[in-house]
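Engineer: Chains A and B, in that order, give the protein sequences. All residue numbers for the first sequence refer to our numbering, where the first residue is 1 and numbers rise by one. All residue numbers for the second sequence refer to our numbering, where the first residue is 314 and numbers rise by one.
Since the hints were derived computationally from the structure, they do not count as laboratory data. Backbone N, C-alpha and C define an ideal beta-carbon position, used for all residues, glycine too. A portion of the hints provided could be inaccurate.
Claimed, not checked - So, partial list: chain B residues that the calculated Cβ filter (under 7 angstroms) puts toward chain A:
(1) H316
(2) V404
(3) A407
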Amino acid sequence: MIDVRNLSKYYGSRCAVDRISFTVGERTIVGFLGPNGAGKTTTIRILTGYMPPTSGTATVAGYDVLTQSLAVRSVVGYLPEAVPLYPEMRVREYLKFRGKLRGLDRSQREAAIARVVERCWLREAVDRPIGQLSRGYRQRVGLADALLHNPKVLILDEPTVGLDPAQVRETRGLLRELASDHPILFSSHTLSEVEAICHRIIIIHEGRLIAAGTVDELKAQTAGQRRLHAVLKAPAADVAEAVCKVPGIKDVRTTANGDWTRVDAAAAGEALEPLAGLAAARGWAVRELHQELPSLEDFFVKAVLAARAARPQ
Amino acid sequence: MRHTLAIAQRELLSLFCSPVGYIVLAGFWLVTGAIAIWNAEAFGPGKPATLRDIFMWAPFVLTLVVPAMTMRALSEEYRSGTFETLMTAPVSDAAVVLGKYLATLGFYGVLLVGTLIYPLLMEVFGNPDWGEVLATYLGLALVGVAFAAYSLFASSLTRDQAVAWMLGAMPLMLLVLSVYNLVRQFEGWQREVLAQLNIMGRFAQFARGQVETDAVVFFLAIAALFLFLTVKVVESRRWR
Numbered sequence: 001m002i003d004v005r006n007l008s009k010y011y012g013s014r015c016a017v018d019r020i021s022f023t024v025g026e027r028t029i030v031g032f033l034g035p036n037g038a039g040k041t042t043t044i045r046i047l048t049g050y051m052p053p054t055s056g057t058a059t060v061a062g063y064d065v066l067t068q069s070l071a072v073r074s075v076v077g078y079l080p081e082a083v084p085l086y087p088e089m090r091v092r093e094y095l096k097f098r099g100k101l102r103g104l105d106r107s108q109r110e111a112a113i114a115r116v117v118e119r120c121w122l123r124e125a126v127d128r129p130i131g132q133l134s135r136g137y138r139q140r141v142g143l144a145d146a147l148l149h150n151p152k153v154l155i156l157d158e159p160t161v162g163l164d165p166a167q168v169r170e171t172r173g174l175l176r177e178l179a180s181d182h183p184i185l186f187s188s189h190t191l192s193e194v195e196a197i198c199h200r201i202i203i204i205h206e207g208r209l210i211a212a213g214t215v216d217e218l219k220a221q222t223a224g225q226r227r228l229h230a231v232l233k234a235p236a237a238d239v240a241e242a243v244c245k246v247p248g249i250k251d252v253r254t255t256a257n258g259d260w261t262r263v264d265a266a267a268a269g270e271a272l273e274p275l276a277g278l279a280a281a282r283g284w285a286v287r288e289l290h291q292e293l294p295s296l297e298d299f300f301v302k303a304v305l306a307a308r309a310a311r312p313q
Numbered sequence: 314m315r316h317t318l319a320i321a322q323r324e325l326l327s328l329f330c331s332p333v334g335y336i337v338l339a340g341f342w343l344v345t346g347a348i349a350i351w352n353a354e355a356f357g358p359g360k361p362a363t364l365r366d367i368f369m370w371a372p373f374v375l376t377l378v379v380p381a382m383t384m385r386a387l388s389e390e391y392r393s394g395t396f397e398t399l400m401t402a403p404v405s406d407a408a409v410v411l412g413k414y415l416a417t418l419g420f421y422g423v424l425l426v427g428t429l430i431y432p433l434l435m436e437v438f439g440n441p442d443w444g445e446v447l448a449t450y451l452g453l454a455l456v457g458v459a460f461a462a463y464s465l466f467a468s469s470l471t472r473d474q475a476v477a478w479m480l481g482a483m484p485l486m487l488l489v490l491s492v493y494n495l496v497r498q499f500e501g502w503q504r505e506v507l508a509q510l511n512i513m514g515r516f517a518q519f520a521r522g523q524v525e526t527d528a529v530v531f532f533l534a535i536a537a538l539f540l541f542l543t544v545k546v547v548e549s550r551r552w553r
């Protein structure tokens, strides 16, 4: 639904986005990750038709963002980062106004407003002036606006920033629900959030795409770094010798502590089962045995550091 | 067209929701009222029932008032970020500018309607020349049409309302006052050129009941030029 090829954007001579390419398919939630200032908002503004790219192409639902900007804008639902709204308008007035801009006639508009008010839990707020609403409600109004015209694609710029934990959870639930009808591209720098709801992840840094894939694929790339910890009832020398022989385990360090021996090692892939098997075969008692799960955070930090190191200075 | 009207409607609502709108209305009515009293001869016994003295300084007052009407129009959208939501809706840049412009003219219409009290009073106490009254209002309308376009252009240049007002009011005031004073100091071709730009003088013609085609074209051309430039400034985000 979104197809980005070699997209670049320069502000004057400063490069904000540097030849990035990615796609967003049907019924997927794609997380768009990157540190602050990485070019996320710029990319999103290009995809929503707010400004054109310097070079490269991008199509949204088959429409080119440069040559068919109005068509792109009519199929995209967009929630900008700071959720800009008119404080003097009431929620219903605002949604009516947006509906008119979207070309909905009166009856379509009424139906659409009823639908999004229900969907975004806005019923109590619908007749209040926007200026009096809390941050959480404002976010919902922005989301309601983005959903008003039943968009083919949803693009959300940091949709959960500034919400309290309960609201974050509600919003995530809503996004999951929405993904069954609309593909969603959303930017964030909260890794746990991306991990929790996205099918695919795109990471950019300093305008460049540094990684893309499913959550599991990206995690698998850090799997080599997984740490293994165990505490076994056996002499340290025996343990060191035996553990070294388990395939995939290296970098073994043992620390004796009375009858018990603490083992710290690096393991490529799943190593708990072979180690448990080894302990059982030797008749060692096991007090502790666990392997750190690969986290997206590890990957993210690693990818950003690698990109920084690779940057020609 | 539907988009333009939707934008105009929202803009009018926001003008009537903000204190600025009411201050502008009250300010203009107060100043014209003060001038009407100051020129009390306008209502003196035996004097001609004419609006000329009441509105003589209107172009000058409008240089301050009209930029205050438009100063929010685009600046506030830039500042609050609503410009982005507006420009990512399927609306053309021209529709946005035109919508804002129509709203300003609508508000200006309300402002003029409030001054109808003067010709009505004259009708009660005297016998005004309604042709002249009509010409005066046509002149006021045209001055507003031109000033509103220029002030909207000023608002498109900055995200700060106060700066937008100054960018609007100062050049207009300078033009209106300096040309009005300078035109008498020159002779020959210079005087001809200045007379073309003399907004006070052109308005005075209307106030005398004289509707000249070149004056109508002059004001409409200014409006067209600055509306065009405003659209270009709004578009400039695409190539900056």
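Engineer: If a hint holds in the structure, say so; if it does not, say that too.
Structural biologist: For each hint, the structure was consulted:
no., hint, result
1, H316, "holds, 6 angstroms"
2, V404, "holds, 5 angstroms"
3, A407, "violated, 12 angstroms"
Going through the hint list in order, the structure does not satisfy hint 3, though it satisfies all others.
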